[in-house]
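Enquirer: Residue numbers (my numbering), protein chains in the order written: chain S, 1 to 326; chain L, 1001 to 1327.
Source of the hints: derived by calculation from the structure; they are not laboratory data. Don't take each hint at face value.
[What the hints assert, rightly or not] Here are the simulated BS3-like pairs of lysine-lysine, each with C-alpha atoms no more than 30 Å apart in a straight line: (1) S:Lys308 x L:Lys1086; (2) L:Lys1182 x L:Lys1311; (3) L:Lys1182 x L:Lys1198; (4) L:Lys1198 x L:Lys1209; (5) L:Lys1311 x S:Lys308; (6) L:Lys1161 x L:Lys1086; (7) L:Lys1182 x L:Lys1161; (8) L:Lys1198 x L:Lys1115; (9) L:Lys1209 x S:Lys308.
Below, each chain spelled out in residue letters.
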Amino acid sequence: MKTKKFNFNIALGVLFLVLFLGIGLKAPNFFKPNYLISVMLRNIMELGMIALPVTLITITGGIDLSLGSIATLAGIMGGMVYASTSNGFLAVVCAMLAGLACGWFNSFLVTRLNIPAMVTTLATMYLFQGIARGITQGNSVYAFPAAEWLGNFQVGPIPVQIILYILFAAAFVLLLSRTYYGKYLYAIGLNETASRFSGINTVRCKNIAYIASGLMSAFAGMIMLGRFSSMKYTAGDGMNLKVVTMIVLGGTSINGGVGTMTGTIIATMIIAVLNSGLTVLNIPIDVQTIVQGTVLLISLVAYAVIEKRNTTNGKKDKSPKTVKAA
Amino acid sequence: MNNKRAKKALPSEMALGLFVAVIFAVLCLVAGDFGSLNNIMSILNHFSYILIASIGMNIIMLTGNIDVSFGGVISVMAILMAFIGKTGAPIYVFMPAAMLCGAILCTFNALLITKLRIPAIVATLATTQIYAGVLPLLVEGSIYDLPASFTWLAFEAKIFKYVPLSVLLALVILAIALLMMKYSRYFKKLYAIGNNVKSARLAGIDVDKTVIVTYAIGGLVLGIAATIIATAGQRVTTTMGAGMEMTFIAAVVVGGTSVTGGSGSILGTALGALLLSIISPALYYLGISDSWSTAVMGAIIIIAVSVGAVKGVRHKAADAEKEEAKA
Chain S
1 MKTKKFNFNI ALGVLFLVLF LGIGLKAPNF FKPNYLISVM LRNIMELGMI ALPVTLITIT
61 GGIDLSLGSI ATLAGIMGGM VYASTSNGFL AVVCAMLAGL ACGWFNSFLV TRLNIPAMVT
121 TLATMYLFQG IARGITQGNS VYAFPAAEWL GNFQVGPIPV QIILYILFAA AFVLLLSRTY
181 YGKYLYAIGL NETASRFSGI NTVRCKNIAY IASGLMSAFA GMIMLGRFSS MKYTAGDGMN
241 LKVVTMIVLG GTSINGGVGT MTGTIIATMI IAVLNSGLTV LNIPIDVQTI VQGTVLLISL
301 VAYAVIEKRN TTNGKKDKSP KTVKAA
Chain L
1001 MNNKRAKKAL PSEMALGLFV AVIFAVLCLV AGDFGSLNNI MSILNHFSYI LIASIGMNII
1061 MLTGNIDVSF GGVISVMAIL MAFIGKTGAP IYVFMPAAML CGAILCTFNA LLITKLRIPA
1121 IVATLATTQI YAGVLPLLVE GSIYDLPASF TWLAFEAKIF KYVPLSVLLA LVILAIALLM
1181 MKYSRYFKKL YAIGNNVKSA RLAGIDVDKT VIVTYAIGGL VLGIAATIIA TAGQRVTTTM
1241 GAGMEMTFIA AVVVGGTSVT GGSGSILGTA LGALLLSIIS PALYYLGISD SWSTAVMGAI
1301 IIIAVSVGAV KGVRHKAADA EKEEAKA
């Protein structure tokens, strides 16, 4: 089993290289280090960061569709607080508190009221976005100092958010593969009832994942606000789909129990190459939307096929989960 | 004890109906204009398309699936109808075309869900993205200056000079759905699948086929709703339906249909549709900015789902109690 997962990531790595080289050969501008760092990597960092905690949620069998709205709401909260108080510190606190509250609310609905995660976060996606729209009356909100720093500061030639992403990514890789908490998440995803009976506090484990997602989304929201220097309530539209694409492409099963953090990280890089590559090749933004959707579908189909083959070769006991999706 | 509780509790449809009636009465008292003929007709027009689309969504959700691409599909159908309608073709040409288009797109969703076993929300989110991406490539922004034959349904088709024809259309579809629910075996299959896919399959139901047919019907019905939406003006945009799926899901969930499938009623959905069609005008008449409408909609869904979840838990507890008593 372990070797198979390893192979998945190698296949993803090869896919990354092929795309990277292919696009680079077609458009030599793509290979300029400046472009790679300050466009390709810098633009994907927010999504990449959010994908880390959401991978945790997905492994437990849940999902978070509200992440884009949380990012928007947090960014807007920070911007509005700064606009009225000019207190930079308070703005950051409010933005993170907004993320914490949103994440907690999601976890409350999912773990306490037992509402399916997809439905919960689909509804809160509209609620959080609606609140962002309501408090701004549809107007733009402008960046505050901390957000500007996060979005634009550079350490030498490298933007600060890339360094932060590397730190976060390392932490999450260790968290998932080297701690009890990580193992518990896999257990919950494979069989929640069994994990509860074997003494895992499933509610707490899931709560932590959802709240981490809320906090990370809020953090990413501040980076976004800084990078664009202003933000409207629609800024987070479609982010959830991109993040889910990264996670699924990275080999995490949407039904839970299977997946690696490294896979998500490699998939993030693949999406980064695709996004900036299509821009370099002068392909219109609408086609990029289609490509996003198609990549998601293809990766879902591919993993469904692989999973089906695995289960038919081995034991057939995984079928209840897949049947439920019908 | 059990009997008493059953007597005390109103049927949830009745409770919802009362709730809607109370809101309506309060609004009429607070804002005198709310009860005006014009406003009521405009609410009814909204109600008609929300109801029609929600019935489509309802049968899909009964099977435990969902289709969040309804908004995207409406946009596609609206543009298609505008293309056909621009040539002066009458409604009985472009409406069936839209219905057919809806059926095809929704069947595609169903194939992804049943044959490839992709969870319904993810599959339909992805197709939403594809539909939303394709349209702007075909059309630049919008199709405008549509002829009078295109907007016939919205401006000229009135019963007794006031009531829009679309309302009649919606009520006919509602009646058909209610009858089907009572008498057809097909509806029983939907409940069976929603309750337990495995046992439905063992009972001899072709689950995949039924789900695909359900999506196709949902798409057909959605075509009628899209006609009402698209013909409301002389301009059709590529984002006409964006986000509308939320309203339909809300109507279905508020109406008491379980998000995990297997329970719910068309009558509840109709009342849910009525509630959602008065939200927007209600906010307007209460002097609350329209910016809050998304938040209100999201909050209503969360409340409805939570109430359903709490009820479900209680139900289970009651069942367990009964079993214990038996033992």
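Enquirer: Quick one: which hint numbers does this structure break? Sort them smallest to largest.
Expert: Hints 1, 5 and 7 contradicted; others consistent.
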